[in-house]
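Let the hints inform the model, and build the full structure from the sequences given.
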Amino acid sequence: MNVSSGTSICSYLIKRDYYEIFMGHWSGEIIYIGGDIPKIFFMSKVFEKPWLFHVLADFEYQCILGIDFIGGSNIILDYDRKSLVIPDSQIDKVVKTVEVEKVEIDLSKTKLEEKQKRELQDLFDSFQRLFSDKLGLTHVLYHENDTGDNPPVVSRPYRYDRLKQEILDYHVDKMLKEETVIPIQSPYASPVVLCKKHNGLLPDNPEAYRFAVDYRILNSITKYPRYPLPLIDDLIMNILHTAIMSALDLRSRYFQMAVSLSDTAFVTKNGTYTFR
30 MNVSSGTSIC SYLIKRDYYE IFMGHWSGEI IYIGGDIPKI FFMSKVFEKP WLFHVLADFE
90 YQCILGIDFI GGSNIILDYD RKSLVIPDSQ IDKVVKTVEV EKVEIDLSKT KLEEKQKREL
150 QDLFDSFQRL FSDKLGLTHV LYHENDTGDN PPVVSRPYRY DRLKQEILDY HVDKMLKEET
210 VIPIQSPYAS PVVLCKKHNG LLPDNPEAYR FAVDYRILNS ITKYPRYPLP LIDDLIMNIL
270 HTAIMSALDL RSRYFQMAVS LSDTAFVTKN GTYTFR
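So the sequence shown is residues 30 to 305, counted in my numbering.
It should be emphasised that the hints constitute simulated quantities derived from the structure, not laboratory data.
Ideal Cβ positions, reconstructed from N, Cα and C, are used throughout, including at glycine.
Hints are not guaranteed to be accurate.
Claimed, not checked - Distance ranges between label pairs, derived from CB positions:
#1 259 / 237: 18 to 24 angstroms
#2 288 / 81: 25 to 31 angstroms
#3 265 / 298: 20 to 26 angstroms
#4 229 / 145: 34 to 40 angstroms
#5 249 / 229: 30 to 36 angstroms
#6 112 / 133: 36 to 42 angstroms
#7 190 / 152: 30 to 36 angstroms
#8 275 / 255: 21 to 27 angstroms
Given below as structure tokens:
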């Protein structure tokens, strides 16, 4: 929240559909939309308000509420408590029943007792909202490719026979529906390759292939940061008294880690796309 700003601002990742209908100019910092900026619904647990936001392309916060939003929403700022108060008249009190879905997990092969299995199942069910069938995506950090002074990499799409082209189109359409990729106009364009999986499926099955992008030319001009590998002995000493350790284990890394949009664009005969 910024009370010195007369304008509310949000990242385009809040409403990524904007990216598909932009009519303005891509400057690398700000995305402008021709005419009025569409309304975005600002929602909290008890409050919902449609408001006009200026959309920034490279913005580390999801949104910043300006004085325009604060005044238009009748929000009261409490500086002493560092909080805000939403008047009761602004809150729509809706009571509804939501049936919590059970988290499907197979505990039959565990060595737990029946009571322990029930307790573990109840624990999973109580945190059902943390589980999802869809791949997660974080925009906390962005991977960017430093290509220095090299010109953008532009390649033609690879030619495929009719069957392979249909399989490629299937994967692109699937990723568009899942909002994994979006159309883009970019000075970069790398071709798509289909890699055969070892899953025993017939060659005419789209799931027999892994969708991949040939970034070899892009990689050849990318500057990589170089760090010395840590010594194993030092790592062991550092984790000796560690209570909690985390690991980054991704199923599809390009789908789950935000990457620079423009330079990782890929091209097909139907258009240019990029990973969200």
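Comparing the hints with the structure gives:
no. : hint                          : verdict
1   : 259 / 237: 18 to 24 angstroms : violated, 40 angstroms
2   : 288 / 81: 25 to 31 angstroms  : holds, 29 angstroms
3   : 265 / 298: 20 to 26 angstroms : violated, 52 angstroms
4   : 229 / 145: 34 to 40 angstroms : holds, 37 angstroms
5   : 249 / 229: 30 to 36 angstroms : holds, 35 angstroms
6   : 112 / 133: 36 to 42 angstroms : holds, 40 angstroms
7   : 190 / 152: 30 to 36 angstroms : violated, 51 angstroms
8   : 275 / 255: 21 to 27 angstroms : holds, 25 angstroms
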